Amino acid sequence: MLTVSVKWQKKVFEGIEIDPTLPPYVFKAQLYDLTGVPPERQKIMVKGGLLKDDADWSAIGVKDGQKLMMMGTADEIVKAPEKAIVFAEDLPEEEQATHLGYSAGLVNLGNTCYMNSTVQCLKSVPELKSALSNYALTGRSADVDQTSHMLTVATRELFGDLDRSVNAVSPTQFWMILRKKFPQFSQLQNGMHMQQDAEECWTQLLYTLSQSLKAPTSSEDSDAVKALFGVNLRSRVHCQESGEESSETESVYSLKCHISHEVNHLHEGLKHGLKGELEKTSPALGRTALYLKESLIDSLPRYLTVQFVRFFWKRETNQKAKILRKVDYPLELDIFDLCSEELRKKLEAPRQKLRDEEGKKLGLQPKSTSKDSDVKMTDAEASSKESGESSTVTQPEGGSSEKGTLHMTGIYDLVSVLTHKGRSADSGHYVAWVKQESGKWIQYDDSHPSLQREEDITKLSGGGDWHMAYIIMYKARFVSM
Amino acid sequence: MAPGPDPNSVGDGAKRDEATIKVPSKDPKKKDDKKEEDLSEEDLQLKQNLELYVERVQDPNPELQKAALESMRQEIRASTSSMTSVPKPLKFLRPHYGTLKEFHKNMAESDLKKLLADILSVLALTMSAEGQRESLGYRLTGSEGDIGSWGHEYVRNLAGEIAEEYTVRQGEEASIEDLMDLVQQIVAFHMKHNAETEAVDLLMDVEDLDLLLEHVDRTNFRRTCNYLTSAAKYLPGPDDMLVLDIAYMIYIKFEEYPNALQIALFLDNMQYVKQVFTSCTDLLRKKQFCYMISRHGITFELDPEMVENDVDREMLQDIVNNTKLSEGYLTLARDIEVMEAKTPEDIYKAHLLDGRASSGPSADSARQNLAATFVNAFVNAGFGQDKLMTVPSDSTSGSAGNWLFKNKEHGKTSAAASLGMILLWDVDAGLTHLDKYFHSNDNPIIAGALLGVGIVNCGIKNDCDPALALLGEYIDKEDSSVRIGAIMGLGIAYAGSQNDQIRSSLSPILNDAKAPLDVIAFAALSLGMIYVGSCNEEVAQSIIFALMDRSEAELGEALTRFLPLGLGLLYLGKQESVEATAEVSKTFNEKIRKYCDMTLLSCAYAGTGNVLKVQDLLAQCGEHLEKGDIHQGPAVLGLAMVAMSEELGLDMAIRSLERVLQYGEQNVRRAVPLALGLLCKSNPKVTVMDTLSRLSHDTDSEVAMSAIVSLGLIGAGTNNARIAGMLRNLSSYYYKDASLLFCVRIAQGLVHMGKGLLTLSPFHSERLLLSPTALAGIVTLLHACLDMKSIILGKYHYVLYFLVLAMQPRMMLTVDENLKPISVPVRVGQAVDVVGQAGRPKTITGFQTHSTPVLLAAGERAELATDKYIPLSPILEGFIILKENPDYREE
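Chains as they are written, first to last, in this note's numbering: chain A, 123 to 603; chain B, 265 to 1155.
Hint data in this document are derived by calculation from the structure and do not stem from the laboratory. Source: prediction; values computed, not measured. Don't take each hint at face value.
Here are the simulated PhoX-like cross-link-like pairs (lysine-lysine), alpha carbons at most 20 angstroms apart as the crow flies [what the hints assert, rightly or not]: (1) A:K348 x A:K597; (2) B:K355 x B:K311; (3) B:K838 x A:K189; (4) B:K355 x A:K129; (5) A:K378 x A:K444; (6) A:K201 x A:K189; (7) A:K132 x B:K588; (8) B:K672 x A:K201; (9) A:K133 x B:K588; (10) A:K165 x B:K588; (11) B:K497 x B:K838; (12) A:K348 x A:K444; (13) B:K1000 x B:K949; (14) A:K442 x A:K543; (15) A:K378 x A:K597; (16) A:K174 x B:K741; (17) B:K588 x B:K651; (18) A:K415 x A:K393; (19) A:K468 x A:K378; (20) A:K378 x A:K448; (21) A:K129 x A:K185; (22) A:K133 x A:K189; (23) A:K562 x B:K1000; (24) A:K150 x A:K133.
Ranges of calculated distance between the beta carbons of each label pair, as one might list FRET restraints [what the hints assert, rightly or not]: (25) A:G158 x B:E673: 48 to 58 angstroms; (26) A:P203 x B:Q649: 47 to 57 angstroms; (27) A:V208 x B:N705: 52 to 62 angstroms.
Note that CB positions come from ideal geometry on N, CA and C, so glycine has one too.
Using the sequences plus the hints, can you model the full thing?
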C-alpha cells in the first residue's frame, strides 16, 4: 500500500492510498469520488508523463508520500455555436461596401477627374438618384433624343455601380456616352484626352438630365431636376439714363459667385453676382445704353449650387486663367437677404420656428412661453407662438397629412464641394468632397475615397495652391409646420 | 638625452613645461631678470637655498653632499602641490635638473647616489620628456623608501610610467620583477587613499589583478568592485571575465554574497553560484539568493551540499522554481488597485477620436477580433481574470465559448492560448481553465490549449512537470497545427531548462523527411529556446542537418528563418564558442548562408557590446544589394543585440541606426525600427519615440508596420500616455488598412501590458544581468517581424506569445522573514551612476517616497527610507527579504 497526496486545482488531498496490485483505473475512481471529475477526463501527472489507465504502478515508480498532480474539470466541453459566425472578411464584396459607410471611388480614365468629381457630387443627392431610378419606369419620351436617353441611363447605371461596389468603379461606359453627347469633351492634346472644365460638365450633365427626367406630361412642376436645383430669379432691369425699368424672370441651375477685389466671402460674391450691367438698345433713347440689372431670388431650390467664377479668359495669354483669391464660405449659409420681398415674407414664419427649435436644443426656453404672463408681448412673438401652437394642435387632428408640411427656411447646409487644384481650368486636378448621411466627410480623389474632418472642408477656400472650391452645393434646411 | 651646455635648455620636454608654468619670455636671460624682480623675499631665500644645495651636492665632501640632499628632500616634501601649479622647490630646481642628472651619472655607487636618484625621480615629474619615463628610471635606482612620502601626484605619474614601461618590456619579453615591487607599493598607497580606481587601472595595465585581493579591505571593497564590474563592460576578450572573477572573489571574501551571486550569474558560472550557497550559512539570505536566481530565469537545482535540510531545500527550490511569482504579482496588483479586468475597448479609447471610429462595422471582422484577443491577453496578463475568455460560461449562450468562436480558424489557436496568458504563472488555475479545450474536436482549439499550457508554465518549474506530461503526447499528432501548438508550448515552458527528455522527442522531428516545414521550423526554435546559450553540440547538429535537407524552394519560405535562429539561440551570448558552427554554416545553400551567418554572429555576441562586431554588422547594413537578399534584416537586429547591454554603446547604436535609415536599402530600413525597439525595450526614450512616430507614417507599409510594433515594444508595460496617444491617432489614420490597424492594436495591447505592471526588458539587477530566455523570446519575435506579412499577419500570429518569455513584473516587493509581504517606505528615483566617485554619493535623484510594493520604471532605483529593516540584497528589485534591524530604536 502506498500513500500519496494529490493536488487538484488549489486543493490538496492528503493520504490517498494506492494498491499497487490494482490498475490505476481504480485509483482514478477513488479520485472521482473526491473531486467529481469523471475518470476519463482525469489527467494525472507523474514524472514525465500522464498516468495511463492500464499502466503498471511498479513501472511508474511512485514513491510513498509522493505528490501527484491532477488536471481535469467536470465543466462542459466548449462547443461551437450552432449558428456560424459570419466575418466581415468572408462577406461578398457588395456587403462589405455597406460596412465602410461610404461608396467607392471612380477610376481616372485619363484626365477624367473633372467628370469623376462631378459625378460624385451629384450622386450625393438622393432625390436625383430616386428620380433616376424611376426613369426606367417612365421610359423615354418622344421629345428626348437618343443620346440624352443613353446618358441618363448610363448615369443611373453608374450611380448603381458605385453603391454596390467596394473597389473603385471604372466609368468607361458613362464616359463614352458623355463624349458622344458632348463632343467637346473628346478634345485631344498630345494624343491624350484633355482636361476639361468641371463646371461645363456639371451644367451639361444636369441639363441633359433635366430634359430627359421631365415627365412625359411635360408640365413645369414635374421637372424633377428643376425642382431640385432650379433657382428662379426676378430681375429688375433699370436704365439710369432714360429711367426705363422692366422686370424679367429667369430660372438658373446655379448661382454665380463673382470674385473681385472686394469679395472675401461667399455672401459678398453672391450679391455681386446678382447685380450686373448690360448694354442694350434702349427704346426710349434709340441707342444702346447701359442698363443695371438687379436680381433677387424668387424661389428656393432644395439644393443650392454655387459656382465660384474663378476662371476667366485671359486675352494676352489666350487661356483660361484662374483667380486664386481666398473666398470663405460657411458650412451653414443663410440667403435670406438675397430673396425677393414676397419670398422673405413666406420664409419669416418657418425661420422663427427654426430659431425656437434651436433655442430649445440649446436649453433656452423660447421667450414666448417663459413670459406667458407678460403683457407686453411683441406681435412677432405672439404670432410665432400661435403658429407654433397651431402646428402642434393640428398634428393630432390632421392625422392623414404628415407631421405638418415641410417649409424652406432660407438656410442651407453644405453637402458637397468640388475643388480644383492648379493654375488653369484645363489643367490641374479636380476632387470631390462629399458629406455622407452619417455626417462624415469623404474626399473622393478619383479611385481613393478618404475620410476628412469637417473643419478641413472650410479650408478649401482658396488663397494658395491647395485644392480650392469651384462648385459647392448646399442642401436646404426644412422645418415642419 | 645629453644635457646641453646651457642648463636652462635641457630638452624638448623642458621647453614645453616652461610654457605651462607661464613664463612669457623666450629669452632665458630676460626671464631670469624678471623672475628675480617678481620673487618675494621668502621665495628668493628659498631659491638661493636650493641653489646652494645644488652646488653642495656636487661638492666632493660626502658629508656636505648628504646634508645638502637631505635638506633638498626636506624642502620638496614640505612643499604642497596642487593641480594647477608646480611646487616652488621643483620650480626653482628646474634649471638645475640637467646639472644634477649629469652629476648623478658620474657618481660612484653609494647611498648618496640613491638619495640623489630619489630626488631626480621627483624632479623628473615635471622635467622628463614624454616617453622617457625618467621618473620611473630614477625611482628604480633610488632608495626605495616610502612611495607616498613624495605625494599623490608623484605616485600617479609613476603609475602611468609603469604602465608604459610594462608594455615596452612585454614587447621585449624582459623581466618585470622590479616593476611589480613598485606596483605593490603603489597599489597599497592608492587603496589606502581612496584611489581604488587608479589602483585597479594600474593593475589592469600590468595584468595582475590578483594583487587587488591583498589590498582591499572593508572600507574600500565596494567601490573597488563597483569599478571593476563597470569597467568589465568596456574590456575586450577574456579580460572582462578576469576582472569579474576578481570582483567575485572580493565579494566572497567580504561575504557580500548577493553581489557575488550577481557576478556568478553574469559569468553564467554555476560553480560560482554553488560556491555562494555553500559559503553562506544563513538560510534567510539563501532565500534571497533563490529569488535572485528565479528572476534571472535559469533552471537551477539545489543539492544537499548547498542546503542541508531537506525541508529547507524544498522551500528554497520552490522559490527558484518561481511558484510564488503569481502570488507576489497579484499582491502588487491589489495594492495598486488594478485588479479590475479591462476590455480591448478600454484600451482603444475610440471615444477620444473624433467621430471617425464611432460607426463601427456591424459584422465581426476576424482580423480585428484576433487583434482584440491579443490585446485582451496582453493587458490582462497574469491577473487571472478578463472580460472575454474567463467570464463564467453558465450564462445563456456561454460567452467564453462565444469569444473563442469569434475568431476564425487559426485565430482560435491564439484565442485559446490567450487563456494561458491571462492565467500566466498560476499553473493550477491555468490548467483548470484550459482543461475543457483539450476535449474539443476542433484542431486549432486543441493547438491553442496546448500552447496555453506552455504559456502558463513559462518560467515556472513544477516537480510533476505538467507541461511535459500534457504536451508530450501531442508532439507526433497528425495535424500540424496541433503539433506546432505542443512544440511551441514546450519551448516556452522549458526555455533554458536543457531538458534531455524533450530533446529526445523533438530532435527526430527535425530530421523527419515527412514533417512539414512549419513543424520543423517551430521544433528548431523550441530546441533553441530550451537549450538557449548552452552550446549543445547534438542540438546544433540536428538543426544543421535539418537546414541542409531543405530544398531550394523551402529555403525561400518565411518560416525557414527560424532554423538559423534556433541555431543562433544555442550560442546566445557565448561569443567565440560559436565559431565552429559558423564555419559549418558557410557550407549551406547560399540562399540561407548569409542569413545564418548574421544570426549566429548577432546571437553569439548579444549583450557583449563588442565594438568590432558592431562594426562588422554595420558594414553589412551599408551594402546595397539587389532585392531578395534577406540577411541584412538580422544584421540590423544584430547591431542592436550586440550594443544593447550598456548605455554608451546603446546611444551610439541609436545614432548609427539613424544613418542606416538614411542610406540603407529598403530591406534594411524595415529592420531599423525593430532594432530601435529592441534597444529601448520598455524604456520609452523620447528621441526614439519621435523617430518611430515619424516612421510609422512611412510610405513603405512594412517600415510603418515595424515602426508601429516597435512603438508598442518601447512602451511595453509603461502605460506611456504619449505613445498611447500616438497609437490612437494611428488607429484612426490607418482605420482602413486592416494589416496596419492590426499592428496598431497589438502595439496598444503591448503599451498597456499587464495594465502597466510588466516589463519586457531582459535586463535586471540594475541593468547588469541579461536574462537569456527573455532575450531569446524577444529576438524570436523580432525575427518573425522581419517578414510581418507571412508570419504575424499570416497564420502564425501566435509567435507573438513568445514575448511571454520576457514578461516580468517591474516591481519591488518587500517580504518579511516568513516571506509574507510587508509594507515599508521606500524612496524611488532616477538611478545615478556612482562608479568611481569618492565618499558615499547619493545613488538616486529626484526621488519620491512610496510604500512597498512599488513599480520601478526603466532607469529607476529604490532605496529603503527606514532604518527599521535591513534588506538582504543591496539591489532592490523583485522580491526583497527584509530583516529587522537589531540596532533600530523607535524615536
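So, against the hints stated earlier in the document, which numbers end up violated here?
Those not satisfied are hints 3, 4, 6, 10, 12, 13, 17, 19, 25, 26, 27.
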